[in-house]
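Trainee: Using the sequences plus the hints, can you model the full thing?
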Amino acid sequence: MSKELEKIGSFLHKHHVMSLATTNFTEISVCSLFYAFDLEKLSFIVASSDETTHIQHIKENANIAGNILLETKTIGKIQGVQFRGIFSEIQDDELQKLYFKAFPYAKLMEPKLWQIKVNYFKMTDNRFGFGNKIIWKEELFV
1 MSKELEKIGS FLHKHHVMSL ATTNFTEISV CSLFYAFDLE KLSFIVASSD
51 ETTHIQHIKE NANIAGNILL ETKTIGKIQG VQFRGIFSEI QDDELQKLYF
101 KAFPYAKLME PKLWQIKVNY FKMTDNRFGF GNKIIWKEEL FV
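The working numbering numbers the first residue of the sequence shown as 1 and each following residue consecutively.
Quick caveat, the hints were computed from the structure, so don't treat them as lab data. Careful: at least some of the hints might be erroneous.
Claimed, not checked - Okay, derived cross-link-like pairs now, BS3-like style, lysine-lysine, Cα gap no bigger than 27 Å in a straight line:
1. K112 <-> K59
2. K14 <-> K112
3. K107 <-> K41
4. K101 <-> K7
5. K107 <-> K14
6. K3 <-> K133
7. K117 <-> K101
8. K77 <-> K3
9. K97 <-> K133
Mentor: What follows is the structure, encoded as structure tokens:
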């Protein structure tokens, strides 16, 4: 695994709320979701109801974008990750276990879990210099 992905994963593991943007090609929506992240599978795990606007969107268009950030007014401490990926119903038992390990109280609510398979990351980390960016894209083989 690349050092860039390890840095991104380290940041993501320190946080637990994302902003997620979806569209059904007619309207755009943004929501906040609790997440767990699996670095090896490059996947976020989130819980959400079928009735939400963002789930209705992904049923028409599974392509999503989102971000996670460290909220600070100190320019030298700014950190954040933007990502894109594909949103789908979860099929992986290990990912489900990871979510409930992160949020054990959620199991009582019996939530529907979803997976976001990431295909693009852009991390800004001003601790290493103003505007320092790491970009990772999934390599597609044709």
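Trainee: So, for every hint listed, does it hold in this structure?
Mentor: Status of the hints after comparison with the structure:
Simply put, K112 and K59 have alpha-carbon atoms about 14 Å apart, close enough for the 27 Å limit, and the pair holds. Taking the CA atoms of K14 and K112, the gap is about 24 Å. The hint holds against a cut of 27 Å. For the proposed pair K107 and K41, the alpha carbon gap of about 22 Å is at most 27 Å, so the pair holds. Restraint check for K101 and K7: the C-alpha separation of about 22 Å stays at or below 27 Å, so the hint holds.
As the CA atoms of K107 and K14 are separated by approximately 21 Å, the hinted pair is consistent with the 27 Å bound. A threshold of 27 Å between alpha carbons decides the hint, and for K3 with K133 the separation of about 13 Å falls inside it, so the pair holds. Straight-line distance between C-alpha atoms of K117 and K101 comes to about 19 Å, which keeps the hinted pair within the 27 Å bound. In summary, the hint linking K77 to K3 is supported, as the alpha carbons are separated by about 20 Å, within the 27 Å threshold.
Between K97 and K133 the CA atoms are separated by roughly 32 Å; this puts the pair beyond 27 Å, and the hint is violated.
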